[in-house]
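Assembly of the complex is requested from the two constituent chains, each provided in isolation within its own frame, with the hints serving as guidance.
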Amino acid sequence: MTISSAGMQDAGPVAVETAEPVLRVRDLQTHFFTRDAVVRAVDGVSYEVARGETLGVVGESGCGKSISALSILRLIPSPPGRIVGGEIRFHDQNLLELPMSEMRALRGNRISMIFQDPMTSLNPVMTVGAQLGEALQLHQGLSRAEAEDQAAEMLKMVRISEPERRLREYPHQLSGGMRQRVMIAMALCCKPEVLIADEPTTALDVTVQAQILELINDLREKLGTAVVMITHDLGVVAETAQRVVVMYAGRKVEEALVEDLFDNALHPYTRGLMAAIPSHAPESGDGGRLAEIPGIVPSLGAAMTGCSFAPRCAHATEVCHNEYPPLEEARSRHTVACWHWREFAGDKARP
Amino acid sequence: MTASSAPLLEVEGLRKYFPLNDGWFSNSGRQVHAVDGVSFSIGYGETLGLVGESGCGKSTVGKVTLKLTDPTAGKIRLRGKDITGLSRGQMRHHRRDMQVIFQDPYSSLNPRMAAGDIVAEPLVNFNVAPRKEIPEQVAELFQRVGLRPEQASRYPHEFSGGQRQRLGIARALALRPSLILGDEPVSALDVSVQAQVINLLVDLQKEFNLSYLFIAHDLAVVQHISHRVAVMYLGKIVELADTKALFGNPLHPYTEALLAAVPKPVPVGRGAKRKRIILQGDVPSPVTPPSGCRFRTRCPHAFDQCKVEEPAFREIEPGHWAACHLRSPASKAGGMANPAVGEPSPTANG
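These protein sequences, in sequence, are chains A and B.
Numbers 0 to 350, taken from numbering that gives the first Met the number 0, label the letters of the first sequence in order.
Numbers 0 to 349, taken from numbering that gives the first Met the number 0, label the letters of the second sequence in order.
Next comes chain B alone, as it looks inside the complex (with noise of 0.2 Å):
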């Protein structure tokens, strides 16, 4: 852990929905319940993960966080300034400290503009450099990310993945930010090219005291890059503690589920008999989460109390946060305790 007393970036109760319309002229009111109620923090130099499966809103978190988009409701500091009220030309200021990766490097980095325009268009901006130096800056974050300062005068089309996401890594750095939002960086990569892209982002953040938020649905990438990781299911975060604790001791069924997923490159043979959680089913619509606990539904260990109440986010161990009923004070009484060494779930299966 890196992070110092006081974070460089808050994100308090967060929400953000999205209206849905039914039909041309209709509107029911109804919402997609994308966000809902979402806090945590970043220290400086730190990178916090942020894993889920698709539709959980993880994305949605790093889009209103750096607000690319407004949030419903929640506060949003950076240094300990409120930012969230902030109107676009006050945000303008803040952009710079707040930069985005974006998982598919095809689509974001414009195809009619040189590789070295792409990195100086922030210079340009934002007015940092005179004019006569932006080559030259260009030429050094062009090193600083493993490209060839030669290369800067090619489209985007003429590299490799890899190389593309290079670009967009050097694009981010430009304005020198303290605060690197990466949507899925590498999953667009293949193994050996992900390897690079992932040491290279690590070197970063020693270098420039970077910190991350990082989103990736892989959890071994985000096991491998995080000090901290939070998991996001329907909306919320269900846990979040240290990379450590929580692949190590996870707390919350979903995250059990989660890990116990994951197919481990062992084979299946060896000794050790895997224990499997498959999840049945699919993630319920945000438009109508169930009642109480979101992820009763699929939960193996769910009971009545799950159905009615909404277990709250709560510090069951220093710096190790979970949203469960089965470890509230009063369950764990009740002998509901454990549920990590419970009996196997009807399909598991060695």
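Bound conformation, chain A alone (with noise of 0.2 Å):
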């Protein structure tokens, strides 16, 4: 197997200047080992997030961004998958080399998550007040009475009426977006330090979808959470987050602060993602075309030399088919992995 060193030695994630990072991940390698290949999910990546902050994790369906996330809780179904190498920081602590006692301790008590779906990762047969209860009669040793009491507050925390009643109904009485209210009480039950929120709002509506969002916002305010968003949607990164990772067939492809990524992006991918957005295109009604980004996403079992975006770039010259770029520090906290930056750069870049 061929990685190409410029993924391994990765310029590093773009520095934060306002405060220690809670949460790092560096260089995390997670494999699926399947009879055919060896599925490199995950290969080479690093961010970091600091308190207070909301790292956007944007990509299409297998980029990897959600097995990135299921990597720092350690929940790989293993077999298949192995986080084969790089290291996860969470304060000093490399959770990677943390047993599994402790891992536990850890999950959903000072690192959270909120998955997609709620009505799967809710228990049917257990009551509202008895999940969320769960967690805090275990990780904050509270009584059954004190749990049921902390649990109605953080119902109504997340704006969900007649706590009490709720309580004492089952996952499937609820509504979709109050489901997704419950995971997130369930997930800030234990004042985490990183949430982290691995497409919360793709499955409701967007009346729904912006109540979710402000009040994850609302709540990371307030408490200080860092956030790490994992979602396939620009607009709710550009809605949610201070600084943006871009990912793409398992590796991140340009990293930057929200403002600089939506006016300056050099990644020809991180272009194509924003040229592809309907509401961007400057005609709408009349038949407009859409840029498009032609093929599809590679699979990640064969084994690929060069750019893993060459074969669907219009950029793509023969360097790109044969070597991996670097991931290359474009201006300040603005970090890109293409040959070619510096020809979408323009007059803008300033080293």
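Because the hints were derived from the structure by calculation, they are not lab data.
Glycine residues also receive a C-beta, built at the ideal position from the N, C-alpha and C atoms.
Warning: the hint list may mix true and false statements.
Just some of the chain A residues that point at chain B, by a computed CB distance under 7 Å [as the list claims (entries may be wrong)]:
no.	residue
1	Leu94
2	Gly176
3	Thr206
4	Ile276
Calculated Cβ distances over 10 Å to all of chain B for the following chain A residues [claimed, not checked]:
no.	residue
5	Pro76
6	Met99
7	Phe261
DEER-style ranges, computed between Cβ atoms [what the hints assert, rightly or not]:
no.	chain 1	residue 1	chain 2	residue 2	range
8	A	Arg167	B	Ser106	32 to 38 Å
9	B	Arg78	A	Ala290	33 to 39 Å
10	B	Ser186	A	Leu74	26 to 32 Å
What follows is the structure in structure tokens.
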């Protein structure tokens, strides 16, 4: 296997000037060992997130954004998956070296996660109150009665009306938006330092999505939680994140502050994604054409040399097909992995 | 607007109620008012977008319009001919003219049929071509939707999501229909692939003068592809207008809230303070819809009249219809006009 050296010694995450990062993912590699091939779902990804900050992680399905998040909590099904390299630092502990018992004490307590589909991630035969209370009894050592009071408090915080009644209900009795709010209450009930939100609003209507995003934002400000917002929706990123990591085929291809990314995206993939959003097209309703990215996401099982985006890229040259581009700092707090980024930087680039 | 004088499809006062079973043997007579009096028309070569939150009845409108299920009341006219009361056998003749593309390309393609057979099936069913010519026609359709003809022998699982959706489009096109119902046809696709499929739909429309009834929850996609847009809430159309007018100057508070809720791909810190209307609560139950205006329970502008009287669906500006008391001539005089520039709701957040 020739993983190009460029991916390994990557330039590291863009430095955060505001605060010491709570969570640092460095050169993470999560591979799946199937009968036919080794699928390199995450192949040398680094990012970090600080207290009170929201980091957006964007990419299309199969780019490894969810697997990188599951790796942080060490929830990768094994076999076939395995974290084969890298380091995940939470404060000064390397999570990859923790024994499982300590990992369990961390999950849902100091680091928690919101999943995309609340129906499959809530237990259908437990009442809302019992599920919320469980985490509180386990992690905070509260008594059953105390846990119930606290659970009602949490439901109130996520703006569920009649919390006492809802505590006695089962997940199927709630609407989709309400279920997602229960998930958020559950994720936040132990006041985690890191919240990983994996497509938290994808299954919801826009009006409910707006409520949930506002809620996560409020809680981040109030509790100083560090949020990793994983999404495929650039609109959600623009509304919630301060910094953005763009992933493609298991690697980070670009990272920048949100405004910088939307103004001066340097990677052809990021630029393609932005052009493909309908609302960005100049005319609408008159059959104006959207910019498309030709082709499809490559299979991660196949051995690949060179830039993984090269087969779909209009600017690809010989070097792109032969060698993976290194992550370079294009300007302050903006890194990109592309051989040709200078051509897109135009006159705005200032090294 | 490409609509000619006589529309291809007219739907009038469409209603669809589903009986609600409360227990095994009891039938309480309660009903889900899934679609409750919907009227619209679609011209030749025109795309009508239908948007709304989940459970508002937009998919049911699609199904009833194509007579995949019978309406409780109302009329459906295709090329001026009333098809509402036709039997299944009589409908068969019209089926060729109306085809569907579904949201989920995984579950709408038979996993045990080769791709070529899937596309050939309608041609065989309707006897439109001699058997010998079918492979040729299938190859042509494959090419037209951007698939390679030699892929015809593959099975659905061997295709990617976008390719499967192209397969669904090829199947819908096979009989040269004049109307295609797209029920969330691009929502399961990634952004980059979604753009490919949207472009394909637009190209095909121009080439074959197709009409689309395009159902989706993604407002940006609807805005891009539609000539006119109808907004549904709880079984009713609350606003219907030209795409530009609807997105530029929404007249119904629900449309306004819906548009404001869409996350814009423009970072928040940008100069102009964003006007945010965050609707609280959930959509009420369609079994017992609220009295008067159905949106009043979540409307930031609701007043007494909304509780007692259902607002009429009227043409407020030429071609721009809405159902809201704020827009009725009477309340305009009363100084209730223009909620669009009203004070922000209590939860407004810049």
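Beta-carbon spacing of Arg78 of chain B to Ala290 of chain A - inside the hinted bounds 33 to 39 Å or not = holds (37 Å)
Do the numbers back the hint for Ile276 of chain A, that is, is its least Cβ distance to chain B under 7 Å?
-> holds (6 Å)
Please test the hint of 26 to 32 Å on the beta carbon pair from Ser186 of chain B and Leu74 of chain A.
-> holds (27 Å)
How about Leu94 of chain A: closest beta carbon in chain B under 7 Å, or not?
-> Since the shortest Cβ distance to chain B is 30 Å, the answer is violated.
Does the nearest C-beta of chain B fall within a distance shorter than 7 Å of the C-beta of Gly176 of chain A?
-> holds (6 Å)
Should the hint that Arg167 of chain A and Ser106 of chain B are 32 to 38 Å apart at their CB atoms be regarded as holding?
-> Once the Cβ atoms are compared, 35 Å apart, the range 32 to 38 Å for Ser106 of chain B and Arg167 of chain A holds.
Is it correct that the beta-carbon of Met99 of chain A has no partner in chain B closer than or equal to 10 Å?
-> holds (35 Å)
Answer holds if the nearest beta-carbon of chain B is closer than 7 Å to that of Thr206 of chain A; otherwise answer violated.
-> holds (5 Å)
Verify that the Cβ of Pro76 of chain A lies farther than 10 Å from every Cβ atom of chain B, and report whether the claim holds or is violated.
-> Since the minimum Cβ distance to chain B is about 22 Å, Pro76 of chain A lies beyond 10 Å and the statement holds.
Mind verifying the non-interface call on Phe261 of chain A? Its CB should be farther than 10 Å from each CB in chain B.
-> Label violated. Min Cβ-Cβ 5 Å, cutoff 10 Å.
In this structure, the earlier hints numbered 1, 7 are contradicted, and the remaining ones agree with it.
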